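Could you slot chains B, C, D and E onto chain A? The hints should help.
From first to last, the protein sequence lines are chains A, B, C, D and E. Just so we're aligned, residue -3 is where the first sequence starts under the working numbering, counting upward by one. Just so we're aligned, residue 2 is where the second sequence starts under the working numbering, counting upward by one. Just so we're aligned, residue 4 is where the third sequence starts under the working numbering, counting upward by one. Just so we're aligned, residue 358 is where the fourth sequence starts under the working numbering, counting upward by one. Just so we're aligned, residue 22 is where the fifth sequence starts under the working numbering, counting upward by one.
Hints listed in this document are in silico derivations from the structure and should not be mistaken for laboratory results. All figures in this text were calculated on a predicted structure; none of them were measured in a lab. Any given hint could turn out to be false.
[As the list claims (entries may be wrong)] Just the calculated beta-carbon pair ranges, DEER-fashion: (1) P193/C x K112/E: 37 to 47 Å; (2) G234/E x K280/C: 39 to 49 Å; (3) Y364/D x E62/E: 20 to 30 Å.
Backbone N, C-alpha and C fix where the C-beta goes; we use that ideal spot for every residue, glycine too.
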Amino acid sequence: MRNTYVPYPVRIKKAEVATEDKQLKTFLLEFINEQEGEDFNYIPGQFAELSVSGYGEIPIGIASSPTEGNDLLFTVNKVGSVSTQLHNMNEGDIMGVRGPLGNSYPLSEMEGKNIVIVAGGFAVTTLRSTMIWLLDPANRSKYGDITFIYGARTPGLLLYEEEWRQWRESGQANVNITIDREAEGWDGLVGFVPTVCEEVAPKPDNAVALICGPPVMIRFTQPVFDKLGWQPEQIVMSLENRMKCGIGICGRCNVGPEYVCKDGPVFTKAHLDQLPKEY
Amino acid sequence: MKSLLEYVGIEPGRLHFSWISSAEATKFQETVVEVTESVKALGPAKHMIKDIRKVA
Amino acid sequence: MEAVAQKIRETAAKLLSEGKVDCVIGYAQGTVPMRDYPYFAYTPEEAQNLTWSPFCCNNLANFLIRRPKGEIGKVAIVAQGCVSRSIVGLIKENQIAREDVYILGVPSPGMVDRRKVQDRFPLKTITEVTVDGEDLVVKGKDFEERIPQKEVRRDNCYTCVQRNPVIVDEMMGEEGPSDWGGNIDAVAAPWEKLEPGERWEAFIDEVDSCIRCYACRDACPLCYCHVCFVDEAMPQWCGKTQDEADVATFHILRAFHCAGRCTDCGACESACPQGIKVRRFTSKIEKDIRELYDYSPGMDLEATPPLSVYRPNDPQEFIK
Amino acid sequence: MSDNSQYQPRIAAFLCNWCSYGAADLAGVSRLQYPPNIHVIRIPCTGRMSPKFILQAFRQGVDGVWVSG
Amino acid sequence: MADKILAKDKLGDFLGKLQADYEVYAPQEVEGKPQWAPVEESDKVLWDFSNTHTSPKDFFFPQTEIMMRFKNVQDHENGMVMEAEPPLANKRLLFNIRPCDAKAFQVLDLIFVQDEMTNDLFWKDKRDKTTLVGLACSDPCPSCFCTSMNCGPASTTGLDALVFDLGDKLLVRALTEKGEAVAEGLDDAAEADQAAAEEQTKAAEAQISSSVGMDKVNERSVMELYEAGMWDRVYENCLNCGTCTYVCPTCHCFDIQDETQGESGRRVRNWDNCMSWLFTMHGTGHNPRGAKKDRVRQRFMHKFKYIPVKRDGEIGCVGCGRCVLLCPVNIDVRRVVNDMNA
Chain A
-3 MRNTYVPYPV RIKKAEVATE DKQLKTFLLE FINEQEGEDF NYIPGQFAEL
47 SVSGYGEIPI GIASSPTEGN DLLFTVNKVG SVSTQLHNMN EGDIMGVRGP
97 LGNSYPLSEM EGKNIVIVAG GFAVTTLRST MIWLLDPANR SKYGDITFIY
147 GARTPGLLLY EEEWRQWRES GQANVNITID REAEGWDGLV GFVPTVCEEV
197 APKPDNAVAL ICGPPVMIRF TQPVFDKLGW QPEQIVMSLE NRMKCGIGIC
247 GRCNVGPEYV CKDGPVFTKA HLDQLPKEY
Chain B
2 MKSLLEYVGI EPGRLHFSWI SSAEATKFQE TVVEVTESVK ALGPAKHMIK
52 DIRKVA
Chain C
4 MEAVAQKIRE TAAKLLSEGK VDCVIGYAQG TVPMRDYPYF AYTPEEAQNL
54 TWSPFCCNNL ANFLIRRPKG EIGKVAIVAQ GCVSRSIVGL IKENQIARED
104 VYILGVPSPG MVDRRKVQDR FPLKTITEVT VDGEDLVVKG KDFEERIPQK
154 EVRRDNCYTC VQRNPVIVDE MMGEEGPSDW GGNIDAVAAP WEKLEPGERW
204 EAFIDEVDSC IRCYACRDAC PLCYCHVCFV DEAMPQWCGK TQDEADVATF
254 HILRAFHCAG RCTDCGACES ACPQGIKVRR FTSKIEKDIR ELYDYSPGMD
304 LEATPPLSVY RPNDPQEFIK
Chain D
358 MSDNSQYQPR IAAFLCNWCS YGAADLAGVS RLQYPPNIHV IRIPCTGRMS
408 PKFILQAFRQ GVDGVWVSG
Chain E
22 MADKILAKDK LGDFLGKLQA DYEVYAPQEV EGKPQWAPVE ESDKVLWDFS
72 NTHTSPKDFF FPQTEIMMRF KNVQDHENGM VMEAEPPLAN KRLLFNIRPC
122 DAKAFQVLDL IFVQDEMTND LFWKDKRDKT TLVGLACSDP CPSCFCTSMN
172 CGPASTTGLD ALVFDLGDKL LVRALTEKGE AVAEGLDDAA EADQAAAEEQ
222 TKAAEAQISS SVGMDKVNER SVMELYEAGM WDRVYENCLN CGTCTYVCPT
272 CHCFDIQDET QGESGRRVRN WDNCMSWLFT MHGTGHNPRG AKKDRVRQRF
322 MHKFKYIPVK RDGEIGCVGC GRCVLLCPVN IDVRRVVNDM NA
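With the rest of the complex left out, here is chain A (with noise of 0.2 Å):
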């Protein structure tokens, strides 16, 4: 039996810089055996353990789709030792993955309903594959509308450009997209995430919202679906909490009896809201 603590053993095959601050980097991991990409299956929500030997694990969201094939995509953010390393390690290095972990976004019991996703700064990643996944030929068609709010402190804060505007051009979804505050050369939306919510004012009928971003922008983005007459039920948000073993056992991530890592991350409002706010 595979012990479920060794990471397999994954080649960075591309690393980039993603933001203008240099605090995020975007990492396409390649599994050195390629067996074990195959059985690798993941659902978009789900995240990883990026493992570097020497300084430890982090859980990141994983930013990938299962449908783009065996490489994983993951964006991280420069905070502590282990993603200080990863930031410093280049294309061609050898690192390590543990996962699928965690429970991921309700694909099958969204299907026909219409879909609003609510993204702010880099929460943006496990929605990236949720996106990708929605738009696959195979799946879109399962979907109704999909709406898709995305924002940023500034333009050059936004990640995945390339892609969200791909999106936009096939008319696949409406893509809004918005920076806080006015800048030069940006000739799209500005305003906070809230607002913009409440200006798409996405209706609550036969939908399902994910929403994932800073807690401030949950906090204020709340009210405008409570407003707009969206049922806790019919909110779905990711969480996320420190975590060390990533299998619901070493006692950190949980918030009352649900352990993030393991029951979570996502979890609807409904029930969120019957759990301790320990997050």
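Just chains B, C, D and E, lined up with the frame of chain A:
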């Protein structure tokens, strides 16, 4: 610090303090010799080393 | 003893009902023998739970600092000699303001080391211990015995040089003789007697049962750093494993951080679940401080701590 | 380390930028010979020195520590 | 399964035989305290003790456990080597383990081994290779409250065999196949001996003086308990040290750290505890359980509400009473649970 380390059993000759002005190149050289000799006389350190090869 | 407890209750109730303080920190009787615990009384009724006994082994000064600012206004605190010295230390380190603390002074009777009592009845379960004058009455399932308190006091209480509080707002009993007559310098730093070659072994032998629970640190009124060096991750000074080097680093550095500040209250030793003699490290440092600088922490609000001031005649024999 | 005369200790030397580090520099310029066992760590001032540094050096396996202001 | 009998003076032979197949450990007097140690002489094995000073959980979940070793090797096809630590070499037998401690392992089994992903092989390997022979409690101490925690002085959960101390002889009750293997070759017990064992258990149960109520804790919702006013007082004198968690047989939180030396390194896990401020600290500086109150509440809620909710009513406490005795500030779990239940 020196006193405490000696108290728990680190040999006195392993830790040295000195004052050398930037003009005292000779004193520097002499002190290096002295420190090195002192540590050499003690042999390799046995305590306080974190050896990860050991099975915990 | 009971008279002191009664006085504490009365004074606490008075202070609380007059609104002079918001809270009285004292001790209440514990649920297991020989373990009276820190208790916070907010109302005159709660003040009736306060007690005073030879089982009050925690240093209450600890609770003056480890709480978010503003959560609590003015407090009264029950303080014997060592606790008052810790309070002096905290005032000097600007952790608390003198006017925010109302000190209910008590002469220390010398606290009982419950491990010494337990050691008299190896593997037996003690169900009840009561104080009867100078004796303890120890009861278990099939035994009952009297032990003179003076045989089972904590080590630091034998050599206490300051049983009466240094600073006080109101005394809760007659001041007693100031010290127990033990000579701290004779027993401090026991390993100095060992050959240098034997010391490391003695040291490791002492700490090898350490479970790194940090009770010694957390029970100590000096260890108030927001991020302790053992918790620092970038860089990591002290590994988190049970390796000899990691455990040794913790104990050496913790002792070192208390240099010139430790009042020898013994809270660390009383807190340790494994019975490690933590004072073997701190007593060495404090002995050095006494010898080098002729200074004992917490005795005087005006004195300058030796390690925070430079004097041209500071000892420097260790520097070449 | 079979032969003790062959034994070369490793010594971490914490040198003050303004004093001993300068002296080391001068020693080099003056072509003074000294043993190569010391590994110099320049610190901005001996006031930066911390007992943590000494313990960390020992933990990482040095045989001696030398602090010089 | 039939009860067997073993004369106490034959214990040496009995344990000697077992030592051929197992590493045998039992509580013995170490530094004046009952503690676990390898059995060298059978007459050192303790019979009259309340419980070991610390819990035997480190047999399965050592305080420091190496998980894997790694080495960066350029010529290896993977560019580096990552190797999990090898499994246990020998079978082990814990003799005279108290039923409460054994019950704790059964609770931990539910957490360490859940499904394909949550499958802690380090834990499982040690569990599989260890046989637990329990010693029924004949003289519970005043801090025990096992009978309130789905456990008891002669509880058999988690054990492979249970021994009753009947003075000059021992009644050995095999409970599993592993236990049968241990009891093999012993004579059958007489009915009178069985009756004596029953008698002893009843007497022990009656002797347990503390009980705590769980009925209202079970009824109340997570949020109702979480928001209860009692937490405002429980945490006051807590030092936030880790004593209670490290002596607890069911506390199982850990931390994972990498350590390196040159090119090679190891990944180790160490016990960690929810009392630590660092435990839940995010990289961003946000801390979901930043206040002492949150952390103290977490420990009790986890044991008495979160685990029961998730694990079909199993309680994350076995009532061994160690934390009651060792807490430096006497935060008595019995009092806390009774407050939760009030």
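Do the hints match the structure? See the list:
1. Distance hint check: the CB atoms of P193/C and K112/E are about 43 Å apart, consistent with the given range 37 to 47 Å.
2. Taking the beta carbon of each, G234/E and K280/C are about 40 Å apart, inside 39 to 49 Å as hinted.
3. Y364/D and E62/E have their C-beta atoms about 44 Å apart, which leaves the hinted 20 to 30 Å range violated.
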